[in-house]
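A.B. asks: Letter by letter, the chains look like this.
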Amino acid sequence: MSTTLSVPALVEQATQAAGADAPEALRAARAEGAQQFALLGLPTTKNEDWHYTSVSSLAAIPFAPMTGDATGVTAETLAPYRFADEWPALVFVNGVYQPSLSSLATLPEGIRVLPLGEAVTTLGDTVSRLLGSAAPASRDGFTALNASFLGEGAVVHVAKEMVIDTPVHLLFVTTDAGASGMHHPRVLLLAERHAKATVIESWIGLTEQPYFTNAVAEVVVEDGATLTHLKVQREGRGAFHVGTIESKQARDSHYISFCFTTGGALSRSNISTLLDGAGCGTTLNGLTMLDGTQHGDVQTRIEHAQPQCFSREIYKSILDEHSHGVFNGKVYVHPIAQQTDGKQTNNTLLLSKTAQIDAKPQLEIFADDVKCTHGATVGQIDRTALFYMKSRGVDADTAQQLLTYAFAADVLETIENEAVRNALELVTLHRFTSLATVAD
Amino acid sequence: MSATIDQLVNREYQYGFSTDIESNTLPPGLSEDTVRFISAKKQEPEWLLEWRLKAYRRWLTMTEPHWPNVTYEPIDYQAVSYYSEPKTEKPLGSLDEVDPKLLETYSKLGISLNEQKRLSGVAVDAVFDSVSVGTTFREELAKEGIIFCSFGEAVREHPELVKQYLGSVVPYSDNYFAALNSAVFSDGSFCYIPKGVRCPLELSTYFRINQSNTGQFERTLIVADEGSYVSYLEGCTAPKRDTNQLHAAVVEIVALDNATVKYSTVQNWYAGDEEGKGGIYNFVTKRGKAMTNAKISWTQVETGSAITWKYPSVILQGDNSVGEFYSVAVASKMQQADTGTKMIHIGRNTKSNIVSKGISAMKGQNSYRGKVHILPKAEGARNYTQCDSMLVGNACGAHTFPYIEVENNSAILEHEASTSKIGEDQIFYLKQRGLDAEQAVSMIVSGFCKEVFKELPMEFALEAQQLLGITLEGSVG
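Chains as they are written, first to last, in my numbering: chain A, 25 to 464; chain B, 1005 to 1481.
Next comes chain A alone, as it looks inside the complex (with noise of 0.2 Å):
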C-alpha cells in the first residue's frame, strides 16, 4: 500500500508550516500539531476507529497547501449555496478568507464573527480558551495535521443571554484552482451562559478534481446556552473531505447538530459531544446520500459525563448505485452520569445491488440508573408500501421515489430553521424524484 509515500512529505510540510514563517500567536500550537502529527501518522484500517474507511488514496495524492486564488466565484456563483440572502456569512475560497464576498454588516447585536487570522488579535481570550480545548493535536493524526496548518478559519462568539435569530453562515467553497490543493480550516464556536444561536458550515466543492478538506470545529456551549450547529457538506465528487466536530457541553446546555453529507469521493465526519454538566441535551441527527463509487463515513460519539442527561440520535443513509457507506454510533455512559437517557436511531436504505453499508451503534455504559436504547436497521423500500401506494393509483417509480424522498424527509423535518430545512429538501426531492421543474 502507498499509504507511507506521502506522510513523510505532509510531516514535512507540516513542520514547514510551523516553523519561522509562522504567525506569531499560533506558532506554538502550529508546532504542537506537527510533532503529534509525525508522532501519529494517518490513520490505518488497523486502527478500529478507522476499520472500513481506508485513507490509503488519499495519502497517495501530494496535495499541496492551497493558495486562495479566488478568480471567477462572485457573489452569483455562491447565490445557490446561501440559504438567505442576508445573513451574516463568512467565505472562504481555496482555504483562503474573502473579505468581498463575506457580509458581516448585517451582524445582529451580541454576536462576534471573524476570522480566525483577525481573531487571534481582537478575541484573543476566546481563542486561546477554545483551541486545543476540545479538539486537542493528540486527537487523531487528522487533527494534528491541522494544528500544524493552523490559520485559516472563523471564530464565532456569542455573549451571554443573547439570542440571536438569524443564523452565521460560514461557506468554504473550492473551485478548479483548488485542485490537488489542501485546507486544514479551524472554526470554534463559543455560546456563552444563556445564549441562544444557529451556525452553519457549508462545504461546497465547484469541481471534479481531488482536493483535501482536513476540518476541525471546537465548539463550547456554557450553562444553559442552545447552540445550533448545522454541516451541509456538498463537497466535489473529487474530494476528499475529513471534518471533525468536537464539542463541550455545560449545565443545562443543548447542542443540536445535524449533519447531510452528498459530497466528496471519500468523506469522514467526526461529531462527538462531551455532556459535561448536569441536565444537559444533544440532538445529533444526520443524513447521507450516496452514489457512483462514493465513500462516506459518519462517527458519532455521545459522551455522558455528568447525572440527568438526554441525547437524541437519529442518523439516516441513502446508497446507490456503488457507494458505501459508514456509521459508527457510540454512546459513553460515565459511572456517576445516572439517570441518563439516550436514544439512538440508524436507518439504511440500499437502492442498489451493490452498494454497501458497515454500520456499528455501539453503547459503552457504566451508571446502572440509565435508559439507553440503540435500533439500526439496513433494507430496501417496503414492498407492502409500494404495493399500497401502487394500489393507489400511483405507478411503481413514482411510489419508489415518494417513498425515498420520505424515507430522507423524515430526518429533515427535524431542521429547526425553515429556510435550511426548505432548501435541503429541495436537494432531496431533485435527487430522487422527477419533479425537479417544482424548484425554486
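What the hints contain is simulated information worked out from the structure, not anything from laboratory work. Predicted, not measured: the structure shown is a model, and the values here were computed from it. Any given hint could turn out to be false.
Said to hold, decoys possible - Pairs of lysine to aspartate or glutamate residues, derived as EDC-like cross-links and limited to a Cα-Cα distance of at most 16 Å, are as follows:
1. A:LYS377 x B:GLU1409
2. B:LYS1458 x B:GLU1328
3. A:LYS377 x B:GLU1383
What the hints assert, rightly or not - Label pairs and their in silico Cβ distance ranges:
4. A:PRO47 x B:TYR1081: 53 to 61 Å
5. A:GLY316 x B:PRO1380: 17 to 25 Å
6. A:VAL187 x B:TYR1433: 40 to 48 Å
7. A:HIS75 x B:THR1075: 17 to 25 Å
8. B:SER1177 x A:ARG416: 55 to 63 Å
Yeah, the Cβ is synthetic: ideal placement off N, Cα and C, and Gly gets one too.
On the provided structure of chain A, position chain B as indicated by the hints.
C.D. replies: Relative to the frame of chain A, chain B by itself:
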C-alpha cells in the same frame, strides 16, 4: 439485610473442591516436543500429528489478540501444563471400573452417572480433565448408527470422518487460541448423526477442570449428516483454584443439508474472588457451518469464568439456512465477559436471529460483540438482533459493539439494544407480595432472560435459573 447480603456475597464457590487423584501430568512448557508427546500419548496417526505441528508452527507466528474489551495479566504459555490425565491402569469397560474418587466427584456435582443413566435419559460423556472416563447409553445410540464418543476414540475408530471434518469449520489458522488448541488439544467429544436420523437423546458432556495449572484444551466436533437432528448439551463447573487457568476450547459443528443442530451450554467455571483473584480464562472458538436448509442454534448461559471471550458463530453457507444465537451472560464480582456471535450470510434466503441478554453486577463488565455480515450473493437475507443489558449497582458496566456489514440490498436487518436497571419499584412491588429482596431480584432477572431460557432443554433451564440466582445473590439490597 446487609448481614445476609454479606453472607451471600462471600459464599464460597459451591463446587470449589478438588479431587486428590494422582495425575499423569506433563511438566509445564510448550514446544514441538510437547505436541509430539501429546500425540504419541494418544496414539494418534501420522496425519493428525502433522496437523497439530502445522497448527503449532502457525501459532508461533501469531500474536495474542487484545481487541476484546477485557484486561488480564499476560499469560505465560510456557508455565502451563498441556497434558494431564487421571491415572487409570487399563481401558475402561464399564462404570464399575472407574476410580471411585472420580465417581464421587461427579456425585458432588450432582451428576452421578448411575443416576443420570437411570433417571434422566441423558447420555453423559463425562470429561474429567483430559480423558473421557465414562460413557453411557453408547449402545442405545449405536442402534441408530449415532457415533458419540471421545475425540481420541473417534480418531482411532472413525479416522475418515475426523479427517474429513476436523478443521473444516475452524481451521487451525483461524485465530491465536484456535491454533493453540489445534496444536495441543487433549481430548473432547465427537458426534456423528447419520443421514435422516433424529437423535433420540439429548447428548451431553460435562467438562471439568481439575488439575491445578493445567490448561484445558477441548475439541468438540459435531457432524450432522443430511436430514438429521441432534440436541447437544454442555455444562461446566470447576474447582476453586488460586492461579488462573487457561481454557481454550474449539467447537466445530457441521450441519449438512436439511440437518438441525442445537447446541446448549451452561458455563459455571470458577469466576475468581471479589478482587478478581483466580478464576478461569475462557477463550473459546465455537463455530458452525450450515448447508442448504440446515439450522444451527446456539444457546448459552455464561455465569462463570473470570474472563469470557467467546463468539459462537454460524456460517450460513447453504441457501435457506438458519442461524440462531440465544445468550445470557452474567458478569458479577470482577468478571469480564466479551461475548456475542457472528452470523455470516452467504447463501440465499438465509436467516439469523440473535437474542442476547447481558447482566452486569458488582464490578462486572459485560460486552456484547456481534457481527452480522451479509455477503453480496446472500439474496433475501434476514437478520433480527436484540441485545438487552441490565445493570445492578453502579460499579459495573455494559457495552454493546454490534458490527453490521451489508453488501446486498435485498437484505433486511434489524438491530435493537436497550439498557435498563432493576427498578426499586419493581422490587418494592414484589416485596409487598411477600417475596424477599433476593427472590424478587431472581424473579425479575428470570423474566429478563425468559426468551433465552425457553430455548434451553428443560433440566438445563432449571439449572440455569438457579445458577443465575446464586451468581446475583447479594448484588441488590
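A.B. asks: So which of those numbered hints doesn't the model satisfy?
C.D. replies: none
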